[in-house]
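Given chain A's structure and the hints, the job is docking chain B onto it.
As given, the protein sequences belong to chains A and B, one line each in that order.
The opening position of the first sequence corresponds to residue 1 in the numbering used here, with each subsequent residue numbered one higher.
The opening position of the second sequence corresponds to residue 1 in the numbering used here, with each subsequent residue numbered one higher.
What the hints contain is simulated information worked out from the structure, not anything from laboratory work.
Quick caveat, the model's predicted, so the values are computed rather than measured.
Cβ coordinates follow ideal geometry from the N, Cα and C atoms, glycine included.
Take these hints with a grain of salt, some might be off.
As the list claims (entries may be wrong) - With beta-carbon atoms standing in for the labels, derived distance ranges:
no. : chain 1 : residue 1 : chain 2 : residue 2 : range
1   : A       : F48       : B       : M334      : 54 to 62 Å
2   : B       : M334      : A       : E332      : 36 to 44 Å
3   : B       : H150      : A       : K326      : 17 to 25 Å
4   : A       : R300      : B       : D204      : 53 to 61 Å
5   : A       : A234      : B       : P68       : 19 to 27 Å
6   : B       : D204      : A       : T200      : 51 to 59 Å
7   : A       : E269      : B       : V307      : 54 to 62 Å
8   : A       : A311      : B       : H150      : 35 to 43 Å
9   : B       : R26       : A       : H334      : 27 to 35 Å
10  : A       : H334      : B       : S294      : 34 to 42 Å
Said to hold, decoys possible - Incomplete in silico selection of chain A near chain B, CB under 8 Å:
no. : residue
11  : P88
12  : R105
13  : F114
14  : R144
15  : D258
16  : Y329
Stated by the list, open to error - Examples of chain A residues lying across from chain B (beta carbon under 7 Å, computed):
no. : residue
17  : S104
18  : G108
19  : I126
20  : V135
21  : M137
22  : S167
23  : L170
24  : A172
25  : L324
26  : D327
27  : V328
28  : T330
29  : V333
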Amino acid sequence: MTDQSLAPHAKPRLTRDHLLGLLRQMVRIRRFEERCGELYQQEKIRGFLHLYIGEEAVAAGVMACLHPEDAVVATYREHGHAILRGVPMTAVMAEMYGKAEGCSRGRGGSMHLFDVGTRFFGGNAIVAGGLPLAVGMALADRMRGRPRVTACFFGDGAVAEGEFHESLNLAALWKLPVLFVCENNLYAMGTRLDRAQSQTDLHLKAAVYQVASEAVDGMDVVAVEAAARRMTDAIRDGAGPQFLECRTYRFRAHSMFDPQLYRDKAEVEDWKRHDPVARLSAWMRETGMLHDADLPAIERETEAEIEAAVAFAEAGQWEPVEDLAKDVYTREVHP
Amino acid sequence: MTDADITVAAASRTITYRDALREALRDALLRDERVFLMGEDVGCYGGCYAVSKGLYDEFGPDRIRDTPLSESTFVGAGIGAALNGMRPIVEIMTVNFSLLALDQIVNNAATLRHMSGGQVSVPVVFRIPTGAGRQLAAQHSHSLEGWYAHVPGLRVVAPATLEDARGMLWTALQDPDPVVMFEHVMLYNMEGTLDAAAGPVDIDRAVVRRPGTDVTLITYGGSLFKTLAAAQALAADNVSAEVVDLRSLRPLDAETVLASVARTRRAVIVDEGWRTGSFAAEVSARIMEGAFWSLDAPVARVCTAEVPIPYPRHLEQAALPQPAAIVAAVKALMGA
Chain A
1 MTDQSLAPHA KPRLTRDHLL GLLRQMVRIR RFEERCGELY QQEKIRGFLH LYIGEEAVAA
61 GVMACLHPED AVVATYREHG HAILRGVPMT AVMAEMYGKA EGCSRGRGGS MHLFDVGTRF
121 FGGNAIVAGG LPLAVGMALA DRMRGRPRVT ACFFGDGAVA EGEFHESLNL AALWKLPVLF
181 VCENNLYAMG TRLDRAQSQT DLHLKAAVYQ VASEAVDGMD VVAVEAAARR MTDAIRDGAG
241 PQFLECRTYR FRAHSMFDPQ LYRDKAEVED WKRHDPVARL SAWMRETGML HDADLPAIER
301 ETEAEIEAAV AFAEAGQWEP VEDLAKDVYT REVHP
Chain B
1 MTDADITVAA ASRTITYRDA LREALRDALL RDERVFLMGE DVGCYGGCYA VSKGLYDEFG
61 PDRIRDTPLS ESTFVGAGIG AALNGMRPIV EIMTVNFSLL ALDQIVNNAA TLRHMSGGQV
121 SVPVVFRIPT GAGRQLAAQH SHSLEGWYAH VPGLRVVAPA TLEDARGMLW TALQDPDPVV
181 MFEHVMLYNM EGTLDAAAGP VDIDRAVVRR PGTDVTLITY GGSLFKTLAA AQALAADNVS
241 AEVVDLRSLR PLDAETVLAS VARTRRAVIV DEGWRTGSFA AEVSARIMEG AFWSLDAPVA
301 RVCTAEVPIP YPRHLEQAAL PQPAAIVAAV KALMGA
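Isolated chain A (complex conformation) (with noise of 0.2 Å):
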């Protein structure tokens, strides 16, 4: 853990069952989405599957700071961020399997998570497609008078598009309660970074636009939750739109069908080494917080889950077809 994410004013909750919690969100993601891997080679999972492995420490970060009456908004890599939004991971799973059972009826799959109910709004597989939304979002909480804060996840990659741009102006110019986050993973797809962006400090463009931001080491999850808590804090507080660049990396390919080719198996390896689950708990074992019981029954208690969560899609339902047409308008319509 850094030096800066210890400062007294950043670690607001920094007692062994915070960080216990923090461990076993982390935990749940990475579980959860080598399961996911697995049964993609089993063909139970179809489509684009886009892991998360090795950022885990972003969404277990930010959503440590969020309310329930708070939205999120994220991307096609959202399968973190859904279940530690609350959404359950059994509908995340049956989603996953496009059964009827799922968080989006099966329709959405693995990039179109939504949830009302945690007030989980998707789930974009447009790079940069959530950002407007979320600008919106949070436009119709300033306009009703509601204290909420909407957080949108994206990628390095959606900084080069305009709406990028223009999202950031226009939450600034309206003062807008939205905290930004930028999964900086260094990798649009197979492009790095450097080979796209003229200015890869990609926090500074934000400063650009009189949005506050800072970056912050992303596989540091003491560090994402310091500085998500001060930004959703200032943004409770009336401040305006926070970014937040959380510098990390992929583990995994891009999605099932990247064979990696741009990439060197030593950078992999070299990242690996800040593998933010075991940097917490080694830190965690360090300093005494972490009990040698304590991984062993987080692990017995997520592989529970997922197994439960595998089972309740296994044995969902499809869809029938003569719903084929259902909710594309909200109201029944013949075109």
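The following block gives chain B in isolation, referenced to the frame of chain A:
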């Protein structure tokens, strides 16, 4: 004059299409505090076509919200606000600029309900001026309504009359799904009488604007009055043309179209879109599918020439569907 005639005369007034739209906006803003208008120059400037003139002073900058030139983001913000409980009206300055926001309209507004398994609705209205006739050249004059009508999840409407300009917006706002409303730029100055009590209108059904027996002329939006003029000219030659105003391009009220064609046995579609891949092609196909055996002649189309709209007036007018071309198309069908 009877007493009833006098009452009607007193209760109607002269008004322009622009003013009717403004009344509709004002009415919506007064009726529902969740409604707000957002777009380029809608506030301080009073609207590019002066539709929202005065509303900024009356409702303030929060509800008549000027935006930067960021079509994709203010359109997406309208979608986000709709997802989060508001009833936004988003004005895009022209259909040509709407292409910068096509991602948000097609990939988000139209799909979110289906992709979420019916969990969300997107009750947003996009107001988009469309069409040619003001010598604004190729990047300000196109008619792309048909592109939007291609997309499931969107509703597409085109008010052609004062009554529809006054009434469609409220109906559209009551709809839980995204509605794209196309206003033809040549209609804004159109003046006529409108009942003082004019209110919401149906956006599901086409209407017969002129009854006839020999041929059905099918159109919408800015081409309606050219088509009515053509019908008038045909009447002088003893051809009785029925004119159907589609009003809604999606969903398309094929029932009204097919019922008319079944009576007249001939159809001409007038559409300011380009002929290739046009909305007229869709209407034509529907007629083939639904009324082929009642046709006395092949379905004909009068569309815009396959060119980007030119600047000089004579070329612009030559590119667009005109009454003379409609008359000629009908006469060719009638074997005259």
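- Query: Where does the structure disagree with the numbered hints, that is, which hint numbers, in rising order?
  - Reply: Structure breaks hints 10, 11, 15, 24 and 25.
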